[in-house]
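Using the hints, position chain A against chain S.
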Amino acid sequence: MNKTVTFKIWRGDANGGNFVEYKTEITEGLVVLDVVHKIQATQANDMACRWNCKAGKCGSCSAEINGIPKLMCMTRMDTLNIDKPITIEPMRAFPSIRDLVTDVSWNYRVKQKIKKFKPRTPDAPDGTWRMQQEDVDRVQEFRKCIECFLCQDVCHVLRDHHKHDEFIGPRFLVYTAALEMHPLDTEDRLPELKQTQGIGFCNITKCCTKVCPEHITITDNAIIPLKERVVDEFYDPFGWLLKKIRPQG
Amino acid sequence: MAYADTLPPQRKFGQTTRPDSWWVQPLFVFLGFAAFIVYSTWAAFQGNHYWLDAGGANYLSPFYSPEIWGNSPHAIFHGKPGFWPSFLPFSPALLILWAPGGFRFTCYYYRGAYYKAFWADPINCAVGEPRKKFLGERYFPLIIQNFHRYFLYLALAFIVLLGYDAIKAMIFTDPTGGKHFGIGVGTLIMCANVFLLSSYTLGCHSLRHLVGGFLDSKTKAPSCAKTYNCVSCLNKRHMMWAWFSLFSVGFTDLYIRLCSMGIWHDVRIF
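Protein sequence lines correspond, in order, to chains S and A.
The opening position of the first sequence corresponds to residue 0 in numbering that gives the first Met the number 0, with each subsequent residue numbered one higher.
The opening position of the second sequence corresponds to residue 0 in numbering that gives the first Met the number 0, with each subsequent residue numbered one higher.
Excised from the complex, chain S in its bound form (with noise of 0.2 Å):
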């Protein structure tokens, strides 16, 4: 099925860009990463456009397609209406650097900010520990994240608001809640994350999930819990007499 597709890319800096038509044919099993390699080879050879894996494992072709956050390898062309003309523009939520490739060294900063993983003292003479599969299971679906950012991205507090400086987003709340649930750590982070890090800022929109390429379920298994126990520790008198009495760990 050769057909010739319309395609608006963004092109720009940091001091403005807009968009740019063309036209390319494309075939059977491509994705759009493809298509924008052909358009770079052919069409626009100083596209700046960042990629590696082509596997959705590396994390780095995160653009918007179509207006929603995605991976450009991992989006077939199959899955787009190819009648209309398909948009393609950086993440939104970051500085841009040029065309399709944006600044995102903030999340690294971010990540330094957070509180490392501290185990507590080791279970055994030979300096390891014993954990159940059972206790890992929660936080092992954490460890998918591949950090394309994309849930950065389409998170509004971020994307809209530009509150960089006081919220950590969902990227950062899922690495949090990874080791804060971890069994054998033994760190407090419930007062950074309310208090620094803007857990509060979340209002439960689910964008952050929806977009997830390795589909971590980040609002409900991670964001909320984290919400809940900073109400155990912070909102919740009756909770605080309730912890004298039930296990913890």
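These are calculated hints, taken from the structure and not from any lab test.
Just so you know, not all the hints are guaranteed correct.
In silico DSBU-like links for lysine-lysine, alpha-carbon gap of 30 Å or less [unchecked claim]:
(1) S:K143 <-> S:K209
(2) S:K193 <-> A:K131
(3) A:K225 <-> S:K143
(4) S:K110 <-> A:K132
(5) S:K162 <-> S:K143
(6) S:K37 <-> S:K2
(7) A:K11 <-> S:K162
(8) S:K110 <-> A:K131
(9) A:K225 <-> S:K209
(10) S:K193 <-> A:K132
(11) S:K243 <-> A:K219
(12) A:K178 <-> S:K209
(13) A:K132 <-> S:K162
(14) A:K131 <-> S:K209
(15) S:K83 <-> S:K2
(16) S:K209 <-> A:K132
(17) A:K11 <-> S:K22
(18) A:K219 <-> S:K117
(19) S:K22 <-> S:K56
(20) A:K131 <-> S:K242
(21) S:K114 <-> S:K209
(22) S:K162 <-> A:K131
(23) A:K131 <-> S:K112
(24) S:K193 <-> A:K219
(25) A:K225 <-> S:K242
(26) S:K53 <-> S:K22
(27) A:K235 <-> S:K56
(28) S:K56 <-> S:K7
(29) S:K7 <-> A:K79
(30) S:K112 <-> A:K132
(31) S:K143 <-> A:K219
(32) S:K115 <-> S:K56
(33) S:K193 <-> A:K235
(34) S:K112 <-> S:K162
(35) S:K143 <-> A:K132
(36) A:K235 <-> A:K225
With beta-carbon atoms standing in for the labels, derived distance ranges [what the hints assert, rightly or not]:
(37) S:A47 <-> A:S20: 31 to 37 Å
(38) A:T40 <-> S:L241: 34 to 40 Å
(39) A:P221 <-> S:N80: 47 to 53 Å
Note that the coordinates shown come from a computational prediction; the quantities given were computed from them, not determined experimentally.
For glycine and all other residues, C-beta sits at the position ideal for the given N, C-alpha and C.
Positioned in the frame of chain S, the structure of chain A alone reads:
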């Protein structure tokens, strides 16, 4: 330069490059919630036609249960409470509806849904918003969302009370005053309502946390782990249960109301 100044400017309300009908979902949510709010408020202020005793039935509307003060045979205390201001119209529903209403208002699913449909905050994913300022749930009044678990405790008590009403709805009174087991269409509706409300309430995110989610090592408390898994199972379809139970609670009131008004007639199955 501030970091925010390096970012693309905020889009205008409704501005997006999404070509799909992104407005359909929030519109349906808005219409669904608005219809329920209007009907339930109207029904709560009526103060009559909320129970059915015609044909020996023993039905009480879920909007009026428990009837602490009121004029029906289900009332614990007869008449109007002494503390009720004389200038306000009295209805037994006004004494109790704040509890299940508060539970739904602070529910994690409903929050996400009505922030989108009523506040447009955002109206849908990756669509521009009407406001520049955003406080989230960090300050009053939305900080009260953190008290969801207290409304949960009340909602659990309501499930028990509505279950009791459903059992009472299986007892019919014959013309001689004798009591007999029976099932009417209203009984089935009330039982279905309790089932749907239970499925919604028992799948609550707060309950999931309280029964086992607070633990990092669930193997230390196997009973907590089992309960957590059961609640998680219902929680996966929390949105579905939220809508079904919202519809069922409204329809149960409507059925009893219309039967009580003589517009519909309850059919006794046996």
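Starting from K143 of chain S, check that the Cα of K219 of chain A is at most 30 Å away, please. holds (26 Å)
Tell me if the straight-line CA distance from K162 of chain S to K143 of chain S falls inside 30 Å. holds (26 Å)
Pairwise hint evaluation, K117 of chain S against K219 of chain A, where the allowed Cα distance is 30 Å at most: holds (20 Å)
So if I understand the rule, the pair passes when the alpha-carbon distance is 30 Å or less; does K178 of chain A with K209 of chain S pass? Violated, at about 54 Å.
Assess, step by step, whether the Cα of K193 of chain S is no farther than 30 Å from the Cα of K219 of chain A, and give holds or violated. holds (28 Å)
Verify the proposed pairing of K235 of chain A with K225 of chain A, using a straight-line Cα cut of 30 Å. holds (16 Å)
Decide if the proposed pair is consistent with the structure: K143 of chain S and K209 of chain S, CA atoms, cutoff 30 Å inclusive. This hinted pair holds, its Cα atoms lying about 15 Å apart.
Need the status of pair K193 of chain S, K131 of chain A: alpha-carbon distance at most 30 Å? holds (22 Å)
Given the proposed pairing of K112 of chain S with K162 of chain S, does the C-alpha separation stay at or below 30 Å? holds (16 Å)
Within a Cα-Cα threshold of 30 Å, do K131 of chain A and K242 of chain S meet the stated pairing? violated (40 Å)
For K11 of chain A and K22 of chain S, compute the direct alpha-carbon distance and say whether it is at most 30 Å. holds (29 Å)
Take the C-alpha atoms of K37 of chain S and K2 of chain S, compute the straight-line distance between them, and say whether it is at most 30 Å. Between K37 of chain S and K2 of chain S the Cα gap is close to 14 Å, so the pair holds against 30 Å.
The structure does not agree with the numbered hints 12, 20, 29 and 35 stated previously, though it agrees with the rest.
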